[in-house]
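Asker: Residues per chain are reported as follows:
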Amino acid sequence: MQASAPPIPIQLSGWRRVWREYRALTRDPIYFIALLLAILFIAIAILYPLLATLAEAISPAGAQTLADVLRRPVYHRIILNTLVMGLTVATLGTAIGFLFAYVQVRLAAPAWIKRAIHIAALVPVVSPPFAVAIAIIVLFGRSGFITSGLLGLRTDIYGLPGLTLAMTLSFFTVAYLNLAALMRGLDPALDEAATNLGANKWQTFRTVTLPLLIPGLAGSFLLLFVEAIADLSNPLVLGGNYTVLATRLYLAIIGEYDITAGAVLSVILLVPSIVLYFVQLRLVTRASVVTVTGRPTGRPQVVTDRRVVVPLVALALTMVGLIALIYLTILAGAFTISLGANNAFTLRNFEFVLLGYGAKAMFDTTGMSILATLCAGFLSMVIAFLVVRGRFSGRNLLDLGMMMGIAVPGTIYGIGYLLAFNSPTEIFGLAILPKLTGGAAVFGGALAIIMVYVIRSAPAGLRAGVAALQQIDPAIEEASISIGADQATTFRRVTLPLIRPALLTAMIYAFARAMTTVSAILFLTTPQTRVMTQQILNETEAGRFGNAFAYVAVLIAIVLLAIGALYALIGPRDGKGAAPASRPLTVAPESSLAP
Amino acid sequence: MTDAHSLVLEAVTKVFETPEGRLVTAVDNVSLSIGQGEFVTLLGPSGCGKTTTLRLIAGFEFPTAGRILLDGRDIAHVPPDKRGMAMVFQSYALFPHMSVFENIAYGLRLRHWPKAEIERTVGEMMALVNLSGLEHRRPASLSGGQQQRVALARAMAVRPKVLLFDEPLSNLDAKLRVALRAEIRRLQKQLGITSIYVTHDQAEAMSLSDRVVVMNAGRVEQASAPAELYTRPATRFVADFIGQANFLDVAVERVAGGWAEITLWAHPMRVPAHDNVGPGPAALMLRPEAICLAGRAGACTARFQGRVRAVTFLGSAVEYEIETHGQTLTVSDREAVWGGIFAEGEWVGWDFAPERGYVIP
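Protein chains in written order, with our numbering: chain U, 48 to 642; chain Z, 8 to 368.
There's no promise every hint is true.
Stated by the list, open to error - Per the computed footprint, the stretches of chain U lying under chain Z, defined by three or more beta-carbons under 8 Å from a beta-carbon of chain Z, are:
{"no.": "1", "stretch": "70-79"}
{"no.": "2", "stretch": "517-528"}
{"no.": "3", "stretch": "538-547"}
Said to hold, decoys possible - Straight-line distance between alpha carbons at most 25 Å, and here's what the computed DMTMM-like set of lysine to aspartate or glutamate pairs gives:
{"no.": "4", "chain 1": "Z", "residue 1": "Lys89", "chain 2": "Z", "residue 2": "Glu126"}
{"no.": "5", "chain 1": "Z", "residue 1": "Lys89", "chain 2": "Z", "residue 2": "Glu190"}
{"no.": "6", "chain 1": "Z", "residue 1": "Lys168", "chain 2": "U", "residue 2": "Asp75"}
{"no.": "7", "chain 1": "Z", "residue 1": "Lys89", "chain 2": "U", "residue 2": "Asp352"}
{"no.": "8", "chain 1": "Z", "residue 1": "Lys168", "chain 2": "Z", "residue 2": "Glu190"}
{"no.": "9", "chain 1": "Z", "residue 1": "Lys89", "chain 2": "U", "residue 2": "Asp75"}
{"no.": "10", "chain 1": "Z", "residue 1": "Lys196", "chain 2": "Z", "residue 2": "Glu260"}
{"no.": "11", "chain 1": "Z", "residue 1": "Lys168", "chain 2": "U", "residue 2": "Glu239"}
{"no.": "12", "chain 1": "Z", "residue 1": "Lys89", "chain 2": "U", "residue 2": "Glu398"}
{"no.": "13", "chain 1": "Z", "residue 1": "Lys168", "chain 2": "U", "residue 2": "Asp533"}
{"no.": "14", "chain 1": "Z", "residue 1": "Lys168", "chain 2": "Z", "residue 2": "Glu126"}
{"no.": "15", "chain 1": "Z", "residue 1": "Lys196", "chain 2": "Z", "residue 2": "Asp217"}
{"no.": "16", "chain 1": "Z", "residue 1": "Lys89", "chain 2": "U", "residue 2": "Asp520"}
{"no.": "17", "chain 1": "Z", "residue 1": "Lys168", "chain 2": "Z", "residue 2": "Asp247"}
{"no.": "18", "chain 1": "Z", "residue 1": "Lys168", "chain 2": "Z", "residue 2": "Glu260"}
{"no.": "19", "chain 1": "Z", "residue 1": "Lys122", "chain 2": "U", "residue 2": "Asp533"}
{"no.": "20", "chain 1": "Z", "residue 1": "Lys122", "chain 2": "Z", "residue 2": "Glu142"}
{"no.": "21", "chain 1": "Z", "residue 1": "Lys89", "chain 2": "Z", "residue 2": "Glu174"}
{"no.": "22", "chain 1": "Z", "residue 1": "Lys89", "chain 2": "U", "residue 2": "Asp446"}
{"no.": "23", "chain 1": "Z", "residue 1": "Lys196", "chain 2": "Z", "residue 2": "Glu296"}
Bear in mind the hints are in silico, worked out from the structure with no lab data behind them.
No residue lacks a Cβ here, since even glycine has one placed at the ideal position from N, Cα and C.
Can you build the whole structure from these sequences, using the hints too?
Answerer: In structure tokens:
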């Protein structure tokens, strides 16, 4: 028998353990360098601008402004406006998202209706956030095509009603996608159990389905609230006299050149945004973890009762019709001289965008978006790998740091970049970055814009990458390492091919996000670097809706083309590609007996 | 077997920290010496540290203390890809995006072998595991048994210094498990690769190994050849874990030359004993098949009496629970199938040959 000594007391102090872990990482230099670069990127591109904003806000001048803001009723009004708008949009957006998801997953409806609903819900993702707002002005504004032209009404769509309509239609997609995924993940056996115990459909819905969806509903509500209060573009176009924090902040910087006031208002916007963002992330993640356990055991029950199906489908189709009307308006507007006033066909708008003044914006934006897509795609996969597979303390901070890029409202990053990078960045007197923003910035400010694109889009890729990696049996990577591949080779030859669907998602999202970003880059564009979304805003403010619509149409076309190109380049290859992400990549046990 | 390698673990300890900050000693001062070409199995219940020990050897974990010597060189902190070992996993861990050929060739391509050489070796390996002709299939289109044979071929193709197995047969059904374990043994003998195998299945461990290492709570309980493990267990845990065992309280009077003089219910006898046994109270271990019942073919006296409490028909044998002297014994009766089964409540006489018993502390 082996002599068994008493257990050796091995109690490392926390810091010594961390030191040991990181020293162990240096054994694989490429892995270590990837980690260092990830940390450096997060520190410089995400955290530093945020800290610069905070520092400005808590400076003596900032404190003075803060006291001012808290005292003056006009600011109380603005904060109240922001809250009312956020709550309204979050409520309506979650409701529409729920309606769409429920019709999609739980109702017995014809396939074409479900398809139409799905497409209608996804269109806003590929168009700039205020495309809807402009169309609403043209359709329902003071001299609106419908309100004034058809109905002869003198309505005012500017302010809360218009904002609510535009934002709800622009943002509800995420609620729809979250809730549909949750509903699909619900174990049908729960419904069957409730029915089995004597509950009718309504009772089952009320006592089983709905309670299980509450975390998802709450998560969607919070996310929409955060998006609504952070949005700058819609309030700029449709706000009218209804001032919210984001527009006040914009005015402080662009109108009054008061960057301190901007920083103070940013912090007021920042705190609830970050808190609520991470609360919703937790809610949604936990909801999906709790309910998606293994394979569904039964067939999901669909509701066939016509008294339920008909009104819900009718309501959903009305929304689809409204979305279709809005995007048809954009298309029609792009081809007319002035929709409503002079409906003559013209190609002048497209000439302006494709061949004239807009061409540079088109090429600049597309080019910067392509670069940002490559960076965001690669960065998000590497960081996902470090977060899921890494075995060092603080890897969750890596995740958190990356997520700040989207949790923080885009406008605040605009200000943060101005504050942080308007002069060369130095560490201990050593210049590590040249001047990135404002006049005489490197590459005409393009580098800063690309960085913003990356930090705004990489978080979604990170989530996709983390989810994909969690589905892959770590033994597959260990198998590669055990027969002699180092970490970098394993990542390149085994991990990356397996998470290709996530990479595709990440890159599609990154490109669409970059092309449609407004709030974060309004302060960062320079005369040398034109961005399409800003041009759209300029044309809208100047009342040249035809040009704006043409820009929007071209932008959507570019995004759709890019999605097609990405699918062709890294999408699934028939039969030879990686398994689809929806199927767990771990090899199934004996059940998969070959023919 | 000239290029076989030896592996030595010297007082290896691994302490993990749980997320709550609690320290858990998964592997506790384990020392082990594995000879060239030897097939050693780590056996134990789940959580006994056997898998952690294997992962320490593979390099997926680094020991908190102790040394791991490969051919005399300490490799305890060498990264896993530089150790020249190969592992076969419970989940097979085949690369789902590569064909069978590409899976097996993976390690060879990493080593920059010439193309022709790779093709030849992969072909040999495929033949060795009886998979020729399936080169271009995807892992997902293979059965579980085929997948594990691909994994085996992939690991052996790189000619590892040590072949590691992490419960490779656990995901297969019973029949396939038996067939594949014979195949693993055949290949290992043929290639003479030093192998370490982790399992919780004692039949697998006994049938495969030159030596079985029984682990419990992070420590080595006993490392012996399978037969010795069964007949001469070092501890109650090992006796209990390997097969079934009855333990009877006895008083040891004297120990000499591996034999103990004991008294069992006023019957003095001499029984083989473990080295750690001394005069005083001890336990007599009796395997269910070491006990004979009176009235069966062969000479079995009715030295002890007991009453049948439960009868279980197992096919190849009948298992009785027999109450005797206030204790319950499990007895395996191979004669019962043809010779008649005792009924519940019946009184039976029983005995055992002293050399088939074993006294442990």
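Asker: Now tell me if each hint is right for this structure.
Answerer: Hint check results:
no. : hint                 : verdict
1   : 70-79                : holds (count 3)
2   : 517-528              : holds (count 7)
3   : 538-547              : holds (count 4)
4   : Z:Lys89 to Z:Glu126  : holds (24 Å)
5   : Z:Lys89 to Z:Glu190  : violated (28 Å)
6   : Z:Lys168 to U:Asp75  : holds (22 Å)
7   : Z:Lys89 to U:Asp352  : violated (65 Å)
8   : Z:Lys168 to Z:Glu190 : holds (20 Å)
9   : Z:Lys89 to U:Asp75   : holds (11 Å)
10  : Z:Lys196 to Z:Glu260 : violated (46 Å)
11  : Z:Lys168 to U:Glu239 : violated (55 Å)
12  : Z:Lys89 to U:Glu398  : violated (62 Å)
13  : Z:Lys168 to U:Asp533 : holds (18 Å)
14  : Z:Lys168 to Z:Glu126 : holds (22 Å)
15  : Z:Lys196 to Z:Asp217 : holds (11 Å)
16  : Z:Lys89 to U:Asp520  : holds (22 Å)
17  : Z:Lys168 to Z:Asp247 : violated (34 Å)
18  : Z:Lys168 to Z:Glu260 : violated (50 Å)
19  : Z:Lys122 to U:Asp533 : holds (21 Å)
20  : Z:Lys122 to Z:Glu142 : holds (15 Å)
21  : Z:Lys89 to Z:Glu174  : holds (23 Å)
22  : Z:Lys89 to U:Asp446  : violated (30 Å)
23  : Z:Lys196 to Z:Glu296 : violated (31 Å)
Consistency with the previously given hints fails for numbers 5, 7, 10, 11, 12, 17, 18, 22, 23, ordered from lowest to highest.
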